[in-house]
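Asks: One line per chain: the protein sequences are A and B, in this order.
Its first residue numbered 3, the first sequence is counted upward by one per residue in our numbering.
Its first residue numbered 1394, the second sequence is counted upward by one per residue in our numbering.
Some hints here could point you the wrong way.
[Unchecked claim] Listed next, the in silico SDA-like pairs over lysine to any residue satisfying Cα-Cα at most 25 Å (straight line):
no.: 1; chain 1: A; residue 1: Lys69; chain 2: B; residue 2: Lys1516
no.: 2; chain 1: B; residue 1: Lys1458; chain 2: A; residue 2: Thr197
no.: 3; chain 1: B; residue 1: Lys1516; chain 2: A; residue 2: Tyr208
no.: 4; chain 1: B; residue 1: Lys1795; chain 2: A; residue 2: Leu217
no.: 5; chain 1: B; residue 1: Lys1458; chain 2: A; residue 2: Leu131
no.: 6; chain 1: B; residue 1: Lys1501; chain 2: A; residue 2: Phe130
no.: 7; chain 1: A; residue 1: Lys69; chain 2: B; residue 2: Lys1458
[Claimed, not checked] Label-pair restraints from in silico Cβ distances:
no.: 8; chain 1: A; residue 1: His144; chain 2: B; residue 2: Lys1757; range: 52 to 60 Å
no.: 9; chain 1: B; residue 1: Lys1752; chain 2: A; residue 2: Gly52; range: 54 to 62 Å
no.: 10; chain 1: A; residue 1: Ala245; chain 2: B; residue 2: Gln1744; range: 30 to 38 Å
no.: 11; chain 1: A; residue 1: Phe141; chain 2: B; residue 2: Pro1721; range: 45 to 53 Å
no.: 12; chain 1: B; residue 1: Asp1741; chain 2: A; residue 2: Ile107; range: 48 to 56 Å
no.: 13; chain 1: A; residue 1: Ala33; chain 2: B; residue 2: Met1871; range: 49 to 57 Å
no.: 14; chain 1: A; residue 1: Leu55; chain 2: B; residue 2: Val1409; range: 31 to 39 Å
If you're looking for bench data, these hints aren't it; they were derived computationally from the structure.
It should be emphasised that the depicted structure is a prediction, and the values quoted were computed from it without experimental measurement.
Note that the Cβ used here is the ideal one computed from N, Cα and C, for glycine as well.
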Amino acid sequence: MTAATIFYALLFYAAFLLCVIGLVYKIADYARTPAPLKIPTTPAPTTAGGVVLRMLREVGLFESLFKANLWIWLFGFMFHVALALVLMRHLRYFTEPVWFWVAWIQPFGIYGGLAMVAGLAGLWARRFLVERIRYISTFSDHLMLALLAGIGISGLLMKFVAHTDIISVKAFFLGLMRFDWQPLPTQPLLLVHLTLVALLIAIFPYSKLLHAPGLFFSPGRNQADNPREQRHIAPWAAALEKAKP
Amino acid sequence: MAAAEVVAPPLKQYPVIPILQAGAMAHSKPYTANAAIQQAIGFPGELVEDWQNKAVAKLGDLLHKYRGLKVYLDACVHCGACTDKCHYFLGTGDPKNMPVARQDLLRKVYRRYFTWAGKWFPKLVGAEDLTREVLDEWNTYFNQCSECRRCSVFCPYGIDTAEITMAAKEIMDSIGMGQKYSNEIIGKVHKVGNNLGLPGPALLDTLQSIEEDLKEETGQDIRLPLNQKGAEVMVITPSADFFAEPHVYSLIGYAKVFHAAGIPWTLSTHASEAGNFGLFIGNYGQMQKIATRVREAALELGVKRLVVGECGHAWRVAYSFWNTLIGPFDFLDPNYPVPQHICELTYDLIQRGAISFDKSANDKYVVTFHDSCNVARASRMGGIPGGQFEIPRAIIRAAANKFVEMDADSIREKTFCCGGGGGILTDELLDLRVKGALPRMEALKNVVDSDGVNFMATICAICKAQFSKVLPYYKFNMNMVGGVHQLVSNAIRLGPK
């Protein structure tokens, strides 16, 4: 067992724990906090079914962003869809035997990797080229793009330039999942890739990546427009009411 | 403080996103409420000692009470979708009027005190201590947001700057840094019953003189009853309707509709205000206390239906919040929506053929319609989403022959605020109001030039007051703006004399 194997095994356990604990805490916190008033951005669906459709359009198509700005939508949508594809492609390193659909999408995953980096490049370029977006960009906005671009580029390099021992990498991750550690190859490109991925997993609930769970809890999007039909009252507001003479 | 110079930007034919002018509106801030105004509604009279800790504690309190605030402060990724959507940004070029930058004024403090990353790596994530400079910036720029929610339409996460502005105002009120205009008005409602401080006898006098004028004009006994027990409908309308022009023409329109349809109705002195500035300052308790007057008046007068006059934010509070704040309304007639907008009522009567129009009475007008922000993006009319757009337009089309739409990006859910909403309709902010009206004025100019539009109908007292004041700065006639029920009033058939 090499030092690198032990280090990366512990790193991924720690990152995973930080991510899960943070996310569970955040999601529980969002769910516990009441939304005392009906504030959907109207026109809004009037039924729960309609709200589900609205959320699906927001999550799957970025509907509001599409209305706002075609360039941001194009790069943002390209990046997210590509990332999803790449993540699905990576499932093959965590499943044995590999699920049939994961095997089926393998060739597309490569394009996904390229599109992901291209989308990130577009988003990043806007932070420099568009005055308004340059103004609002913070250091962490750039770092987040650097992190994601680093992951994408190191991954692509392993595919197209310097192959890594992918069989051993898979054995390492399956070993992590089964608590039966296996040696990790120490190719520098792989270690860079894995370090950045672990970092991304770890900071997920402590950064603006919270936009992912946040969207589902956004009252402007997830509330049905039915305040006349149904009385909506938060527990603290109800307590206020009871306290009155 | 010397009055700021009021400068209207030039009107361009196509909307142009301005070049950033940092600090362009740093001078614009409202008068601070004095101790008497503050204390009258339960806020500290002046900036409290230890205000910094109290403000942070208040933010913590709000984060526990409002899920929206918590999610909105976490979720922003600085994508920039909102950056060119705010009318104040478009009119001033001040980067802090970009919605995301406005939000960040509060977000940076939230990050510093409430997030792990902001506590340990403030520089990295743009977290900042709450200093006097930051507080002054809050006072400046959260009073340059009209809470119109246009940005929230375009945000991929639905982040609503209005909620963040309201939270910031609530925090500032709680440490003694209130805004004079809004807080003084709230005090008047509690004391007299309406925003304008119009006492009962004066109101009665006004209504009687309108009745006399109507008798002379139409030969008919069109009533504007006050405190009429047992009336079927109680109308709650913005107090501007009682005496300001053009608002009063809409009030006359409501009276004619009730007269023509034969529906017994009444106004109330106790609830002589539909407006609810509790919304603007983000204070649940004040909003509830103001709304409670409506419930009390309805019970006292024994009415069966509640109808709300032409007022944007009032309709938001009535439609979206009354059931929560002062419901349930089990004592009212369940066959009608509670509350009902006056446009819903008029539209229903048109559909049923209970009222009709001589459209030629409005032939002197080429009409366009300005969607008011709170009606468009925070409420509904009728049974289907978007009814708030269709119903007022259907009424206009029924009452007038010539109707033209403004640019599609400036109407319906994408409508621009008039520039005076959210507690900004005060003289010391006139420069901001004029500049904030720019996008609407540009869209209006285009239909004035192309179609000869000479009447912009709207259903909001703030829009009417704001446009009356601002239109002349753009070389338009101030009488171009008026209510939908002003057109109804001109054209409705009242039957044989």
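Asks: For every hint, state whether the structure bears it out.
Replies: Hint-by-hint comparison with the structure:
no.	hint	verdict
1	A:Lys69 - B:Lys1516	33 Å, violated
2	B:Lys1458 - A:Thr197	39 Å, violated
3	B:Lys1516 - A:Tyr208	15 Å, holds
4	B:Lys1795 - A:Leu217	43 Å, violated
5	B:Lys1458 - A:Leu131	39 Å, violated
6	B:Lys1501 - A:Phe130	22 Å, holds
7	A:Lys69 - B:Lys1458	31 Å, violated
8	A:His144 - B:Lys1757: 52 to 60 Å	59 Å, holds
9	B:Lys1752 - A:Gly52: 54 to 62 Å	36 Å, violated
10	A:Ala245 - B:Gln1744: 30 to 38 Å	44 Å, violated
11	A:Phe141 - B:Pro1721: 45 to 53 Å	51 Å, holds
12	B:Asp1741 - A:Ile107: 48 to 56 Å	55 Å, holds
13	A:Ala33 - B:Met1871: 49 to 57 Å	51 Å, holds
14	A:Leu55 - B:Val1409: 31 to 39 Å	36 Å, holds
In summary, the structure is inconsistent with hints 1, 2, 4, 5, 7, 9 and 10 from the numbered list given earlier, while agreeing with the others.
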